[in-house]
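Add chain B to chain A, keeping to what the hints say.
Now for the letters of each chain:
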Amino acid sequence: MPEPLLELRALDAYYEDFQALFGISLEVAAGEVIAVIGANGAGKSTLLNSIAGAMPSRPDAIVFEGRPIGDLPAHAVVAQGIALVPEGRRLFPSLTVEENLLIGAQLRRPGPWNLVRVYELFPALAERRRMGATALSGGQQQMAAIGRALMSNPKLLLCDEISLGLAPIVVRDLYARLPSIVAEGSAVVVVEQDIVQALKAAKRVCCLQEGRVALTGLSTALTREAISAAYFGT
Amino acid sequence: MQWLNVIIQGVLVGGLYAVFAAGLALIFGVMRLVNIAHGDLIVLAAYLALVATETLGINPLTAILVVVPVMGAVGYGLQRGLLNRTLGDDLLPPLLVTFGLSIIIQNGLLELFTADSRRLAAGAIEVESFPLIEGISIGVLPLLQFAAAVTVIGGLQVLFYRTALGRAFRATSDDPAVAQLMGLDNRHVFALAMAISLCVVAVAGVLLAIRTNFDPAIGPARLIFGFEAVIIGGLGSMWGTFAGGIILGVAQAIGAQINPGWQVLAGHIAFLIILALRPEGLFPKVQG
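Sequences listed follow chains A and B, in order.
With the first sequence counted from 1, adding 121 to any position gets you the working numbering.
With the second sequence counted from 1, adding 129 to any position gets you the working numbering.
Okay, chain A solo, but in the shape it has when bound (with noise of 0.2 Å):
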C-alpha cells in the first residue's frame, strides 16, 4: 500500500482544560475524498482546525508526506499544501472577491490553479471580481471561499461544513464541481452534516462521536442502521 498523502495518529486536541479529540488515527490517499461526520461538537470542526495548524498538536500527531506537521504554524502548514475552506466562509470583508482570490495565493505554491481555473469553475464570480465580498450571495461567497483556497494549489483541501446555510440546489450545485476539483490531484476532506450529501461526495466516510473515532468505512458499505448509532452512540 503506497504511504498516505495524511496520516493522524492518536491525535488528541484541547481548549484550555477540555479536551476536544481523543486520539484520533486516520489516513487520507493522495485524490482520495473522504466525509467526515457526526453530531454538532463532534470534533469535526476541530479535527480539521488542528490539521490546517490553526490549533496546536503533538509534531508527530499530523503527518503529510511522511513528514511530522503537527507543531506547524498555519501558514507554515499552507506551504506545505494544506488549505482549509474555514467555516462560514469568513471572507475578507474590505477585500474584493479578486483580492479575496490572490490572498490564497500569496505563497505562490506552483500547481494547476489560478484566477482564471478558478473563474471557469465559478463563472459566478468572474462576473463579480470587482465586488466587495460581502455583495456576494452566500454560495457565491463559498464558491470565494473555495476559490481562495485552491489558489495555494493545495494537495489537501480540508471543507469545514460547505453547505452551512445554504439552500439544497445551491449546496448541490458546489458540490456538483467538487469532481473537477479532485480531477486536479486534490485530495479533499469535507465536514459536512448533510449525510446523505456526505455519503454521495466521498468514498469514505469517518463519523465522530464526542471527539472519537466511532466508524469509518466506504460509504456504500456502510449501512443507516451503522451510521446511526455511530452519530448518535445508541
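Wrong hints could be hidden among the right ones.
[Said to hold, decoys possible] Stretches of chain A that chain B covers, calculated by requiring three or more beta carbons in the stretch to come under 8 Å of a beta carbon on chain B:
#, region
1, 204 to 213
2, 225 to 232
[Unchecked claim] So, partial list: chain B residues that the calculated Cβ filter (under 10 Å) puts toward chain A:
#, residue
3, R209
4, G229
5, S231
6, Q309
7, D314
8, A399
9, L401
10, A405
11, R407
12, P413
Keep in mind that the hints were calculated from the coordinates and are not lab data.
Every residue, glycine too, gets a C-beta built ideally from N, C-alpha and C.
Same frame as chain A, but now just chain B:
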C-alpha cells in the same frame, strides 16, 4: 486677505500633521496597536537626522535617505522583538509597553543630547519664498514639506490599495486568524507594517527638525497632534487622515491669528467639536 494667508499657512502645516498621523493610522489599522511612543520616535528620527548631517556633512533633505532606512529597520526589529509579544485580545499591554518605550526614548535622548533645543539648518532655502498673489507669499520650504506630505500620503494610499503587501495588510486587519490560514505570517506582516510606519516617522522627523526647534521632550505633543488628525479624518482612507491633518493645521493657524496663546487650544477645540458631532471621523471606514 490676511485670513486667506492664515488659512494657506495652516494648510501647509497641516500637511506635516498628516504625516505625523499617517504612521499612527497605519499600524492602528493593521494591528489595532496604539503606539504611545510615536511622537518620541519622530523626535528620535529628528536627532538621527541631526547626527547624520553633522557627521556626514550632508544636507538635511539628503539626510532623509539615511534616516528612512534606519528607522524602517528599527521598526521591523522593534515589532518582531518586542511589540508582537504584547499583541492579543487585550489592548492594554501594547499601550503600557509603548508608554514605557516613550519614557526610555525621551530620557535616552536627554542623556545623549542634553535638554538644549536643536535645529537642522537647511541653508538658504529656509528663507526663500515667492509671491502667490498680491500680499500673500509662500515659503519654498513649507511648500516642499507640503509636497513631501502629499507624496507620503499618496504613496501609502497606493501601497494599501494597489499592491500585494497592502492586500496582505488589509486581509490581516480584517481577520488575522484566517490570514494565517492563507499563508500570511502575522508576525512578519505586523513587523513590515511597523517598518513602514517608522519610515513615515523618519520623514516626519526630518521635516519637523527643519521646520522648528526640537528637544527630547516635544514628542508627546506631536503624538497628540497625530492622534487628533487620525480621529478627525476617520480610518477610512489615508486621504481622510490627510484631511484631518489639514483641518487641525488650519484650526491652529486661525487660533494663533486671534491670539498667539490660542494656537494649540484652537486645534483641540476643533478636534472636540468633530469628535462630538461625528465620533467616527469625517471619512470613516465602511463597515463590511
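Verification of the hints:
1. Requiring three or more residues with a Cβ within less than 8 Å of a Cβ of chain B, the coverage given for the region 204 to 213 of chain A holds, as 5 such residues are present.
2. Counting residues of the region 225 to 232 of chain A whose CB lies closer than 8 Å to any CB of chain B gives 3, which reaches the minimum of 3, so the coverage claim holds.
3. Checking R209 of chain B against chain A by beta carbon gives a least distance of about 15 Å; that is not within 10 Å, so the hint is violated.
4. Proximity of G229 of chain B to chain A is violated relative to the hint, the smallest CB-CB distance being about 28 Å (cut-off 10 Å).
5. Here the hint on S231 of chain B is broken, as its CB sits about 31 Å from the closest CB of chain A, past 10 Å.
6. Hint status for Q309 of chain B: holds, given a least beta-carbon distance of 4 Å to chain A, under 10 Å.
7. For D314 of chain B, the suggested interface contact is upheld, since its CB lies about 5 Å from the closest CB of chain A, less than 10 Å.
8. The closest approach between the C-beta of A399 of chain B and any C-beta of chain A is roughly 29 Å, which is over the 10 Å cut-off, so the hint fails.
9. Evaluation of the L401 of chain B hint against chain A yields a violated restraint, the C-beta minimum of about 29 Å exceeding 10 Å.
10. For the restraint placing A405 of chain B at the interface with chain A, the shortest Cβ-Cβ distance is roughly 28 Å, beyond the 10 Å limit, so the hint is violated.
11. Interface hint at R407 of chain B: violated, since its Cβ lies 21 Å from the closest Cβ of chain A, which is beyond the 10 Å cut-off.
12. Restraint check, P413 of chain B versus chain A: the minimum CB separation of about 13 Å is more than 10 Å; hint violated.
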